[in-house]
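Here the protein sequences line up with chains F and W, keeping their order. Start counting the first sequence at 1; every next residue gets the next number (the numbering used here). Start counting the second sequence at 1; every next residue gets the next number (the numbering used here).
Just so you know, these hints were derived from the structure itself, not from any lab. Do not take every clue at face value.
Said to hold, decoys possible - Label-pair restraints from in silico Cβ distances: (1) F/N5 - W/T172: 38 to 46 Å; (2) F/G22 - W/S121: 36 to 44 Å; (3) W/K195 - F/I105: 23 to 31 Å; (4) W/T172 - F/A82: 14 to 22 Å; (5) W/S106 - F/A51: 42 to 50 Å; (6) W/Q194 - F/D89: 26 to 34 Å; (7) F/S23 - W/D134: 52 to 60 Å; (8) F/E52 - W/Q194: 17 to 25 Å; (9) W/Q135 - F/A82: 45 to 53 Å; (10) W/E187 - F/Q86: 16 to 24 Å; (11) F/D56 - W/E118: 20 to 28 Å; (12) W/N133 - F/K104: 23 to 31 Å.
In this text, all values refer to a predicted model and were calculated from it rather than measured experimentally. Note that beta-carbon positions come from the ideal geometry of N, C-alpha and C, so glycine has one too.
Each chain, written out:
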Amino acid sequence: MSSVNWITIYQQAIDAVKTSLGSTWSTVATSAQHSIQLLVQTAQYITDHSAELNEDEQKLLTDNQQLAMQSVLLGYKAIGIAAAEQAVDAAWGVIQPVLEAAIKIA
Amino acid sequence: MCSAYQYYWEQKVSYFLLPRRKPPNRADSAVILIHRSTKIKKFSAPVNICALEKCLQLCQGGNKHFISGGDMLRNTHSNPYNYAVLCFISLAALLLSSCAAPQYDSITDAQISSLQKEVDSQMVQFITLSRQNDQDSIKKGSYSQNIEFYNKVETDLTSLELRIEAVPDLSTSVFPELFAKMRKGVENIRQAHQKNGNLPDIVWTPLRTQLNSGFAVMLTYELSLKGVSSPSKPTTTSTATVTAAAKNAPALANQ
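With the rest of the complex left out, here is chain W (with noise of 0.2 Å):
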C-alpha cells in the first residue's frame, strides 16, 4: 500500500514536499501549511493564499530547496481523507498558479502618468489659445498645426497598451476596450478639430474633462497594485474631474 505522497509523487506532482531544515521564508510556510493540511484533523487552519501561491510558483520553478522530501514522506499515510485533502490542496494549487495577481510597474505607472500630462496639458493649451482669439493663437490652436501632437499621443497610446498587455492577466482583459475607446475620443477630437479647422475653449474645456476620466480610470487600476487605492473604485469621482465637470454645467449642480 503506497501513501498519499508516494501516489502523488509517481504523478510528478511536487506541491506537498516539506524543507527538511526550518523554513527561512514566507513560502517555506506554505509548504509547512501544506505539511499541516496532510495531516487529516488539522486541515481546518485558514490557507494562507498568497503564501501557497508564492510557494507553488517557486515549486513551479523548479527550487529543489522544496522538493527534499522528509517528514511528510514518513508521516503521510494511505487514508481516503488524507487522499481527498491532497487533491483539494493539488486544485487549489493548480488554480492559484493559473491566476496569479499582476504586478505593481512603476514605469506603467510612470507612462501612463506622462500621457495623461501630456494631453492635459495640450488641452489646456488649446483653450489657452482659443480664449485669446488673436490671429497669432487662432494659427497655434488650428489643426494642421498641431498634427504632430495627436501623432505622438497615438504612439504613446500604442506603447502603454503593449506594455500592460503583454503579462496577460484576467484583471487586464479589459484594457483592449479601455484603451479602444480611448483611442475612439482622441480620433473623435481629432476629426473634428481637421473638419473645422479650430475649435473653441467652450469645447476643448469638456474634452478635456472627458479624457481625463479615461486616464483616471488607468491610473486607478495601476495604483490599486501599489496598493494606493481600491480597485473596486475608480477615481473618475476625484475632485479634479467633478469640478471640471460642475464648470461646465454649474446649473445642474446648484439645481
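So that you can see chain F by itself, here it is in the shape it has in the complex (with noise of 0.2 Å):
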C-alpha cells in the first residue's frame, strides 16, 4: 500500500477545481467532487498495482479516467468543453506528480 496521502490530495484537487470552475463551481459541486474522487482513486489503485500493471495499462486507465470526469462535467449546460478539459486538467495537475512520485517508490 501507498504511504501518500490522498485525502490531501483529494482535497487540494478540489480546490484546483474549484480555482478552475469558478462560480459554475457551485453548480456542478456534487458531481465534480465524485469525479475528482474517482480520479484520485484511480491513482491510488494504480500505485497500489504498480507491480501489476504496464505503462501502457496505466496510461490507459489515468486517460479514460479524465475522459469520464470530462463527460460528467460536459453533461452540465453550464460548462462547455473547454471549461471541462480545463478543470480535468487542474486535477490532473495535482494528481499526476503525486503518482509518478508514488510509482517510483513503489
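Could you use the hints to bring the two separately framed chains together as a complex?
Here it is as C-alpha cells:
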C-alpha cells in the first residue's frame, strides 16, 4: 500500500478544480467532487497495483478516467468543452506528480 | 388610425389572433392569454410559457382555426403601451419558437440502454475470462477474438449519435463532444488491447466503471426529458459507479 495521503491530494484537487471552474463550481459541486474522487482513486489504484500494471495499462486507466470526468462535467449546460477540459487538467495537475512519485517509490 | 392588431396583421404576424369559439385545449388558452395581455392593464399575469409555445407552434403550422380574427380585432385599440406589449409578445414568441425543448425519445432511451448493457456485459466477460486465466479463457479474451465487439460498439455509437443529433437543439449541442469522449475511451481500450493481446482483470474492472460514467451522462439526459431525473444532476454518482469505484480503491474510502 502506498504511503501517500490521498485525502489531502483529493482536497488539493478539489481546490484546483474550484479555481478552474470559478462560480460554476457550485452548480457542479456534487458530481465534480465524485469525479475528482474517482480520479484520485484511480491514481491510488495504479499505485497499489503498479507492479502488475505496465505503462500502457496505467496510461489507459488515467486517460479514460479523465475522459469520464470530462463527460460528467459536459453533462452540465453551464460547462463547455474548454472549461471541462481545463477543470480536469487542473485536477490531474495535482494528482499526476504525486502518482508518478508514488510509482517510483513503489 | 389603425389598431395594433391591424398593424401586426399587415406585417403578417399571426400570433395575436383569437378563436371565435370556446377554446377546447391548452393551446387555445394560450391565445386567450395573449388576448388578455393586449388589454393594457391586465398584462401582469404570469405567462404560461408551455402553452404559449404550443400555441405558436400551431399558429406557425398554419392551423387556421387559430387565425380566425374575431373579438380581439374589435377590442384592441391603437395605444403606445398596447403596441409595446404586442412587441414584447412577438419577441418572446419568436424566441420561444426558436428554442423548443426536445422531446423524450423512447428509441434513443432504449438504444443508450442497449449499448450500455452490451458494453458492460462484454466488460464483465473480459473480467471473468481474465480471472479464469486458463488457455481457453485467455484466447477468448484476446483482442483478435474480440475485434467484432469494438466494431459493433463503433457502429452503435454512430447510430445513436446520428439519432440524437438529427434534431439539433441547444440542450443537445454537447452531444458531439460526449460522443467524442466515449469514442476516445473505447479507442484507448482497443489500442491497449490490441497492443498487449490481452488485458488483466485489474484493468478491465476500473475500465468498466469509467465507461459506465459516460453512459450515465447520456442516460441522465434522456431520462430528464422523460421527467424521471433532474438534468442538473448527472447519475454518475449512482450506486453502481460509486460501488465499483470503492471496490477499485477501498483505501481512499476507508481513510
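Here is what the structure says about each hint:
{"no.": "1", "hint": "F/N5 - W/T172: 38 to 46 Å", "in the structure": "holds (42 Å)"}
{"no.": "2", "hint": "F/G22 - W/S121: 36 to 44 Å", "in the structure": "holds (41 Å)"}
{"no.": "3", "hint": "W/K195 - F/I105: 23 to 31 Å", "in the structure": "holds (27 Å)"}
{"no.": "4", "hint": "W/T172 - F/A82: 14 to 22 Å", "in the structure": "holds (19 Å)"}
{"no.": "5", "hint": "W/S106 - F/A51: 42 to 50 Å", "in the structure": "holds (48 Å)"}
{"no.": "6", "hint": "W/Q194 - F/D89: 26 to 34 Å", "in the structure": "holds (28 Å)"}
{"no.": "7", "hint": "F/S23 - W/D134: 52 to 60 Å", "in the structure": "holds (55 Å)"}
{"no.": "8", "hint": "F/E52 - W/Q194: 17 to 25 Å", "in the structure": "holds (20 Å)"}
{"no.": "9", "hint": "W/Q135 - F/A82: 45 to 53 Å", "in the structure": "holds (49 Å)"}
{"no.": "10", "hint": "W/E187 - F/Q86: 16 to 24 Å", "in the structure": "holds (23 Å)"}
{"no.": "11", "hint": "F/D56 - W/E118: 20 to 28 Å", "in the structure": "holds (25 Å)"}
{"no.": "12", "hint": "W/N133 - F/K104: 23 to 31 Å", "in the structure": "holds (29 Å)"}
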